[in-house]
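Peer 1: Chains R and U are the protein sequences, given in the same order. Residue 184 in the UniProt record's numbering sits at position 184 of the first sequence, and the numbers go up by one each step. Residue 228 in the UniProt record's numbering sits at position 228 of the second sequence, and the numbers go up by one each step.
Each hint should be verified, as a subset may be incorrect.
Reference listing, derived: stretches of chain U covered by chain R, where coverage requires no fewer than 3 residues with Cβ under 8 Å from a Cβ of chain R [said to hold, decoys possible]: (1) 59-68; (2) 202-212; (3) 254-264; (4) 292-301.
Here are some of the chain R residues that sit facing chain U, going by a computed Cβ distance under 10 Å [said to hold, decoys possible]: (5) Pro4; (6) Leu11; (7) Gly13; (8) Met36; (9) Leu39; (10) Trp125; (11) Asp232; (12) Arg261; (13) Arg262; (14) Arg264; (15) Leu272; (16) Leu275; (17) Leu287; (18) Val294; (19) Asp300; (20) Ala303.
In case anyone wonders, no lab produced these hints; they're calculated from the structure. Even for Gly, the Cβ is constructed at its ideal location relative to N, Cα and C.
Protein chains: 2
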Amino acid sequence: MDTPRLVEKLLRGDRRALARAITLVENGSPELREIMAGLAPHTGRARTVGFTGSPGVGKSTTTNAVVRAARARDLSVAVLAVDPSSPFTGGALLGDRVRMQEHATDPGVYIRSMANRGHLGGLSWATPHALRVLDAAGFDVILVETVGVGQAEVEIAGQADTTVVLCAPGMGDSVQAAKAGVLEVADVFAVNKADRDGARSTLRELRQMVAMKDRADDEWKPPIVMTVAVRDEGLDELWECLDGHFAHLRDSGELAERRRRRAREEVQAIVLDLLRSRIAVGDDGALESAAREVAEGIRDPYAAADLVIKELGA
Amino acid sequence: MDTPRLVEKLLRGDRRALARAITLVENGSPELREIMAGLAPHTGRARTVGFTGSPGVGKSTTTNAVVRAARARDLSVAVLAVDPSSPFTGGALLGDRVRMQEHATDPGVYIRSMANRGHLGGLSWATPHALRVLDAAGFDVILVETVGVGQAEVEIAGQADTTVVLCAPGMGDSVQAAKAGVLEVADVFAVNKADRDGARSTLRELRQMVAMKDRADDEWKPPIVMTVAVRDEGLDELWECLDGHFAHLRDSGELAERRRRRAREEVQAIVLDLLRSRIAVGDDGALESAAREVAEGIRDPYAAADLVIKELGA
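In isolation and in its complexed conformation, chain R is listed as follows:
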């Protein structure tokens, strides 16, 4: 399939074209440049929701329940499950996908997992690119689910319009842990497995945490929903929160602001990648000789970096 044809099929929502395009994103293919150019005018329509939380809180189950909630409202949904690549795990994703088979025959649902390999922290434009592909393919809602619990995962979930942080009772440190770094990205909290002992106290802790943060009067205050995703309990409430947050984003102008910020990070990541490949050229380049001098203690790494930048012409 040549690139113009791939783009054309993608815009019609063709599943094979979709699968192919996301594989190209995974592989950092050079064709992405032309594909993204073709898709650009057709983006910005989909709502994106990210899900993050400690392992065992029920991320896949909740994503799955949200897919059902969206379908009940006659909205088409894509799920993008991103694995920022732990070389020690791997395979977990596959298990998740099996659970998703419930939607396999529904043309309004598309589920795709994506590895995000490569450099330290992965390719930071990969998730935005994949969202762009799914958006242009016409899905109403895109859910982003991450595997694992690191900084990278939280940042990926934070690239959505709305970010849901999941907790669960009896998980010991799940709220405690949430304090450490996800409060900033949380637009909605869900206490999943809310039928278990300790759900009330998890709720209480989250409330305290949310209350502690200073906010302007017109600032969004993350609501907390109790869910039992496996039985669809609390899903209407969760959906209302998602709707509420999206309405807030739109009315406050924050939606455009967030999307601009996301585009900014995406463009910056591409710029740095392009510069990285220019710097790294050849065994006799400025970087190579600078590295030799640094390794031998003749030059310090900053002086070496200055040289490389000068050579780059910047």
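With chain R's structure known, arrange chain U on it following the hints.
Peer 2: Below, chain U without anything else, positioned relative to chain R:
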């Protein structure tokens, strides 16, 4: 303490200066430029050893035992415990440090944990910088231990001269997992907790794995050591493997090659950081207006990136 004075004290191995310098590395302080310039002529002496492996294999215990082995050989040792910052964990490091208190009164041992926060994947020059500081401070051996199990952790451990991959019996997938991505970085394997059931079969699996890889005749073949680090069992053998690998590195010329590669990555990371901060300047910069156009679908992210690079003069 002004910077020249800090450098001077560092070179004498002063502990407060050391602690301060690593905090400056953690914070990405602007003073690093001057510090690294002062330290450069005094680097390249220390041997570095990285430890990685799944949680529960006994990384801290093994590091601790290797510290004892080094001290028994009258070598001074620094331990750098790097946490590439999972917002969900945190605190684990502290517990590890408590275990290290055995060496608290030994002037030949320095233990320091370092967070590696910030952008996706952390600051990739942070570990090389910290190694540079400890090297210039005169330690004979520097051990790098990572918390967690992601790609970033493996890459950090891989920044050492010698990388030890730890496994343990009865950990189910510890060998399986090791296959996925750490075989490339492993110079030495240690099967820790070797007194437990299943140690033999873990050893066998590792042997098969090592045997499967094609190697040139003069290429290093990772040895596998059985240890019970908590009782110092197998530590002499492990130490011999570390010595053997280091001798191989030196004799084959690979040591210089590895250190050049490390310097290359360090310089490249600094270059990209410097360029990133130049790109990101101001609300009316090229990046900002490009991001706006991308968010509005007027321009695709690659065309936008080209514009930003042109503006940069590169």
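Peer 1: Would you mind marking each hint as holding or not holding in the structure?
Peer 2: Hint check results:
Chain R is given as covering the region 59-68 of chain U, and this is violated because 0 residues of the stretch bring a CB closer than 8 Å to a CB of that chain, at least three being needed. Figure legend: the region 202-212 of chain U, annotated as covered by chain R; annotation inconsistent (0 residues with Cβ-Cβ distances under 8 Å, at least 3 required). Proximity of the region 254-264 of chain U to chain R, defined as three or more residues with a beta carbon under 8 Å from a beta carbon of that chain, is established by the 7 residues found. With 9 residues carrying a beta carbon less than 8 Å from a beta carbon of chain R, the region 292-301 of chain U meets the three-residue requirement, and the given coverage holds.
Interface restraint check for Pro4(R): the shortest CB-CB distance to chain U comes to about 14 Å, outside 10 Å, so the restraint is violated. Restraint check, Leu11(R) versus chain U: the minimum CB separation of about 13 Å is more than 10 Å; hint violated. At its closest, the beta carbon of Gly13(R) sits 18 Å from a beta carbon of chain U; the interface hint therefore is violated under the 10 Å criterion. Below 10 Å, beta-carbon pairs count as interface contacts, and Met36(R) has one with chain U at about 4 Å; its hint therefore holds.
A least Cβ separation of about 7 Å between Leu39(R) and chain U falls short of the 10 Å threshold, and the interface hint therefore holds. Taken as an interface hint, Trp125(R) checks out: its beta carbon lies about 7 Å from the nearest beta carbon of chain U, inside 10 Å. With 10 Å as the threshold, the beta carbon of Asp232(R) stays out of range of chain U, its nearest partner Cβ sitting at about 27 Å, so the hint is violated. Residue-level restraint check for Arg261(R) holds (minimum Cβ-Cβ distance to chain U is 8 Å; threshold 10 Å).
Annotation: Arg262(R) was flagged as interfacial toward chain U, and the flag holds, the nearest CB pair being 7 Å apart, inside 10 Å. Satisfaction of the interface hint for Arg264(R) is found here, the shortest Cβ-Cβ separation to chain U being roughly 4 Å, below the 10 Å cut-off. Among the interface hints, the one on Leu272(R) holds; its C-beta lies about 5 Å from the nearest C-beta in chain U, closer than the 10 Å criterion. A least Cβ separation of about 6 Å between Leu275(R) and chain U falls short of the 10 Å threshold, and the interface hint therefore holds.
Because the smallest distance between the Cβ of Leu287(R) and any Cβ of chain U comes to about 6 Å, under 10 Å, the interface hint for this residue holds. The closest approach between the C-beta of Val294(R) and any C-beta of chain U is roughly 4 Å, which is under the 10 Å cut-off, so the hint is satisfied. Look at Asp300(R): its Cβ gets to within about 4 Å of chain U, closer than 10 Å, so that hint holds up. Residue-level restraint check for Ala303(R) holds (minimum Cβ-Cβ distance to chain U is 7 Å; threshold 10 Å).
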